[in-house]
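Enquirer: So you can see what is in the structure, the chains are spelled out below.
Number of protein chains: 2
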Amino acid sequence: MALIDQFTTQYGLVKKIDAFGYLDYLKSHADEPRKHGLVVLVTADTPLKASRGEGKTTTTIALIDALRARGIDATAVLRQPSMGITAAGSKGGASGGGKSSLSHPELIDWGLCGEMAAIENAQNLLVSFAEKAVDEGRIDTILVPRVSEVPSRSLRQIAVDRNKNNVPERVVLTPTCELMQIVVLSHSMDEIAERVSKMVAGTKDGNPVSFGSFIDLWRITGILADAVKPAKTETVNGSPVYVHCGPFANVSLGIPSLISVEMACALHDVVVVEAGYGADAGAQKWLDIACREFGAEWPAAAVVVTRASTWRDDPKLAWRYPFHVHRLENLGIPTFPLVNLWDGEDDQIDSLRDTAKSLNFRDPIIGNLFRDGGKALAPQLDEFVGALDSADDAANADAISAPADASDPEAADNRASHKGMGLVEDVKWIADNAYGVPADRVLTKVGFAESLAAATELCNGVGASIDDLAVVAVKSPATMTDDDSAATDERTVTLKKVEPHLGAGVVQVNLTTSLTTPMPKIV
Amino acid sequence: MALIDQFTTQYGLVKKIDAFGYLDYLKSHADEPRKHGLVVLVTADTPLKASRGEGKTTTTIALIDALRARGIDATAVLRQPSMGITAAGSKGGASGGGKSSLSHPELIDWGLCGEMAAIENAQNLLVSFAEKAVDEGRIDTILVPRVSEVPSRSLRQIAVDRNKNNVPERVVLTPTCELMQIVVLSHSMDEIAERVSKMVAGTKDGNPVSFGSFIDLWRITGILADAVKPAKTETVNGSPVYVHCGPFANVSLGIPSLISVEMACALHDVVVVEAGYGADAGAQKWLDIACREFGAEWPAAAVVVTRASTWRDDPKLAWRYPFHVHRLENLGIPTFPLVNLWDGEDDQIDSLRDTAKSLNFRDPIIGNLFRDGGKALAPQLDEFVGALDSADDAANADAISAPADASDPEAADNRASHKGMGLVEDVKWIADNAYGVPADRVLTKVGFAESLAAATELCNGVGASIDDLAVVAVKSPATMTDDDSAATDERTVTLKKVEPHLGAGVVQVNLTTSLTTPMPKIV
Chain A
45 MALIDQFTTQ YGLVKKIDAF GYLDYLKSHA DEPRKHGLVV LVTADTPLKA SRGEGKTTTT
105 IALIDALRAR GIDATAVLRQ PSMGITAAGS KGGASGGGKS SLSHPELIDW GLCGEMAAIE
165 NAQNLLVSFA EKAVDEGRID TILVPRVSEV PSRSLRQIAV DRNKNNVPER VVLTPTCELM
225 QIVVLSHSMD EIAERVSKMV AGTKDGNPVS FGSFIDLWRI TGILADAVKP AKTETVNGSP
285 VYVHCGPFAN VSLGIPSLIS VEMACALHDV VVVEAGYGAD AGAQKWLDIA CREFGAEWPA
345 AAVVVTRAST WRDDPKLAWR YPFHVHRLEN LGIPTFPLVN LWDGEDDQID SLRDTAKSLN
405 FRDPIIGNLF RDGGKALAPQ LDEFVGALDS ADDAANADAI SAPADASDPE AADNRASHKG
465 MGLVEDVKWI ADNAYGVPAD RVLTKVGFAE SLAAATELCN GVGASIDDLA VVAVKSPATM
525 TDDDSAATDE RTVTLKKVEP HLGAGVVQVN LTTSLTTPMP KIV
Chain B
45 MALIDQFTTQ YGLVKKIDAF GYLDYLKSHA DEPRKHGLVV LVTADTPLKA SRGEGKTTTT
105 IALIDALRAR GIDATAVLRQ PSMGITAAGS KGGASGGGKS SLSHPELIDW GLCGEMAAIE
165 NAQNLLVSFA EKAVDEGRID TILVPRVSEV PSRSLRQIAV DRNKNNVPER VVLTPTCELM
225 QIVVLSHSMD EIAERVSKMV AGTKDGNPVS FGSFIDLWRI TGILADAVKP AKTETVNGSP
285 VYVHCGPFAN VSLGIPSLIS VEMACALHDV VVVEAGYGAD AGAQKWLDIA CREFGAEWPA
345 AAVVVTRAST WRDDPKLAWR YPFHVHRLEN LGIPTFPLVN LWDGEDDQID SLRDTAKSLN
405 FRDPIIGNLF RDGGKALAPQ LDEFVGALDS ADDAANADAI SAPADASDPE AADNRASHKG
465 MGLVEDVKWI ADNAYGVPAD RVLTKVGFAE SLAAATELCN GVGASIDDLA VVAVKSPATM
525 TDDDSAATDE RTVTLKKVEP HLGAGVVQVN LTTSLTTPMP KIV
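Chains A and B, in that order, give the protein sequences. Residues 45 to 567 in the numbering used here are what the first sequence spells out, letter by letter. Residues 45 to 567 in the numbering used here are what the second sequence spells out, letter by letter.
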């Protein structure tokens with residue numbers, strides 16, 4: 045029996061893995077056989093609208109099927125889609141399509157093993173505890189929001205205790221809440237408890253009060269007992285796939301849990317991480333938050349998915365795709381353009397290759413992945429596999445000599461923590477690097493300075509510095525700037541609002557056309 | 045491999061069983077070996093307060109352990125406790141205690157496999173659909189309430205869409221909602237869909253509009269896919285236990301799902317069903333709702349649990365326990381008093397037996413079940429097992445000659461449907477039979493007539509008759525009448541409010557000191 049099997053339990057048609065236990069065991073048993081898989085980032089072009097995906101999950105599934113067909117032990121780590129949104133009909137599932145599908149998409153799309161519901165309940169219990177704290181005079185204002193797994197637009201603004209105190213509140217979707225971020229970022233139940241204790245419950249006379257000062261943390265971790273375990277499923281071709289955590293990409297972290305990726309790296313040679321929406325959201329957050337601030341693995345390669353129509357149909361937005369591809373390549377990540385063809389687009393292959401060449405891309409990978417699955421990709425992956433081999437060699441060489449970072453000052457700079465960098469400076473860095481908008485065109489909306497000052501004071505009130513928190517950009521998934529259709533030298537990024545999540549250790553900054561409480565329509 | 049194994053899946057440390065599929069298979073395969081287990085009802089004295097249990101679950105577990113030690117294939121069917129209430133600390137778990145415990149109480153008490161959360165999400169999606177129906181002009185007033193799995197007193201009355209429409213709403217706990225009742229009462233996913241379609245979403249110009257006229261039912265059943273499957277776990281001694289559905293007993297059905305009991309009867313010889321709180325709630329509802337109106341099995345025997353102190357410490361309430369025992373016995377159900385001793389009460393055994401004798405009880409079963417488990421009971425079960433043997437013989441004889449009901453006019457009357465009986469007459473029948481209050485002392489509160497008229501009109505508006513709905517008494521778990529401490533001939537029952545659940549096929553009637561929206565305190 046393989047070691048991992050001791051940490052694996054059947055859970056209906058999927059398996060659940062005690063990743064905390066497994067990684068802990070590996071830490072204390074250095075001689076235990078394990079792998080050190082390379083991370084490949086699958087990200088995408090900025091979508092034309094939020095409900096239209098480019099096909100990241102479909103690509104991820106086709107890619108690992110193709111790699112495994114070539115004898116490479118590849119796996120994928122996916123985020124869990126929000127069941128409420130799938131059930132509401134406002135978005136399809138997130139489990140691939142056609143020949144590039146998971147074997148049980150209905151399970152992944154429809155609540156998996158209750159992970160999201162557990163996080164919903166635990167966050168709502170925190171609100172109930174905060175209300176009790178109000179009754180007991182510990183706080184006078186609640187800051188932690190209730191969550192709902194099911195979208196309902198009328199919940200954006202509610203008043204509770206109607207006819208008595210009429211307390212204004214807001215309800216957010218589960219994938220946007222701080223507790224989801226905490227589960228994504230934590231490496232043990234103890235860390236989850238510690239982070240929950242640092243969450244700000246509310247204020248008393250304007251001073252922040254953290255949950256740690258008055259709640260039983262075991263009740264929260266009790267609810268999360270199974271939710272912290274990644275699920276294991278497979279593609280229709282039998283390739284292993286892990287699914288864990290689903291923070292939205294537009295208003296939150298946009299990445300699967302760190303432990304699910306670490307676990308996958310200990311078990312497989314190549315770990316494809318899907319991070320969306322576009323590279324400006326998912327990839328930006330994987331690199332700038334997960335890797336830089338929370339120790340996740342730097343990608344050995346990246347695949348940037350687009351659809352033929354997304355890439356080229358709107359001339360004013362055509363700058364975005366090459367921007368993403370070049371940005372990642374310039375970070376030293378071998379970056380492969382991938383065009384996910386739809387029916388009737390096969391005749392565009394030659395012209396797509398020409399365009400890619402004219403943009404100085406690597407030779408693009410092109411295929412109808414829904415129709416042909418991994419078979420469409422396998423013969424096109426020589427260069428991609430070569431890049432992974434080089435990364436693997438480099439990693440092995442590093443293990444003997446010095447770490448890669450130290451040998452390349454520029455690379456080291458890309459990966460160095462921004463802790464201590466001023467928040468606005470940090471956002472300007474992101475705008476410049478990830479959105480192509482230089483610092484002098486980063487504007488602030490009326491009220492931003494006040495919001496930043498209040499957030500700074502809140503952090504100071506619990507003995508933390510806002511500049512030590514990782515910046516989470518909150519913005520529309522379909523745009524990087526105030527107007528992506530504007531001319532290059534006229535694009536701006538406007539900063540609107542700041543909200544620190546002291547438990548998760550992040551600070552959310554609303555940019556451009558952001559929406560803090562996305563509540564998709566029932567369709 | 046046993047047939048049931050084909051319908052069983054491991055789900056973490058418990059199993060989940062596709063009971064719909066299994067019972068369906070049995071229906072179409074009459075030659076398939078199956079059992080026809082007897083149902084034993086474990087119910088209790090009316091508790092002194094809602095948060096103080098008499099030990100029904102502890103007794104149920106000890107009882108099946110004791111029966112199995114005697115070579116009888118016994119099992120138990122338990123309701124799923126509300127995780128939110130356990131996590132809130134306002135109530136302990138519901139998985140027994142000490143030597144009379146389940147093997148994994150933490151799983152049962154802390155959300156099981158997400159069943160309750162799925163029902164929560166599905167009911168909330170119904171509300172979202174109702175809101176969409178408002179936007180589309182199909183309805184103007186929403187009647188279906190949102191639910192929360194986590195208690196929060198401020199949610200009892202809320203206003204949604206604050207600052208715009210300020211729509212008043214109420215939020216109820218998941219175990220009180222109509223969708224929970226539907227899952228309890230349904231025998232197939234099709235029946236669930238049909239019942240959901242009959243649920244009243246709201247009104248348009250005062251006329252009721254059902255969900256069936258505008259929603260995609262598959263989205264609701266999609267969410268419930270795993271929630272409809274009973275869980276199988278075991279006692280610390282390895283006796284099989286099924287857990288499914290958790291409607292509150294005070295404001296809802298108070299019984300486990302009908303299919304979990306039917307499935308258990310097909311698999312075991314004796315099926316102990318726990319129905320609480322007291323006999324006035326759980327047993328009343330099992331007999332008068334499940335058996336009479338929904339075809340559940342009439343109990344072959346009953347055990348009425350009390351604590352030594354509950355039974356005798358308050359002279360004004362001491363009438364309740366013998367009332368329950370005699371009532372069930374008079375229904376033709378062999379009824380066994382059981383005293384669940386606590387530490388330091390062993391010396392009361394003789395006097396408890398004397399009291400039981402003076403009350404014309406059967407010889408009571410007495411033991412410290414927490415401390416001694418099933419071993420405390422096994423030697424005392426001769427008469428109990430004898431009663432089951434007689435019931436079994438009678439059932440077998442019936443199978444050859446005529447059904448029991450036909451041979452005993454009084455028994456047949458007890459079990460005949462009340463469909464068509466006027467609602468008030470029906471409630472008077474319950475007050476007389478289950479609470480000991482004759483019809484002339486059933487009073488109505490100001491407003492009751494209006495509430496009844498409105499409910500009647502609502503039913504008529506969808507072509508149903510309120511008199512065809514099964515009456516669900518909504519009342520405090522700690523009292524049967526307006527004042528249980530009053531003298532026998534002064535006790536009254538006051539009717540307060542009527543609320544039809546047309547999907548579930550029940551009508552809730554608030555009595556005495558009822559609370560429609562119980563929201564326990566966070567402790």
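Hint data in this document are derived by calculation from the structure and do not stem from the laboratory. Model, not experiment: these values are computed from the prediction. Be aware that a few hints might be false.
No copy labels: a pair is met if it fits in one copy or bridges any two.
Stated by the list, open to error - Simulated pairs of lysine-lysine, DSS-like, Cα-Cα distance not exceeding 25 angstroms: (1) K419 to K472; (2) K540 to K71; (3) K419 to K489; (4) K93 to K176; (5) K93 to K208; (6) K565 to K208; (7) K472 to K489.
Enquirer: Can you list which hints this structure breaks, lowest number first?
Expert: 1, 2, 3, 5
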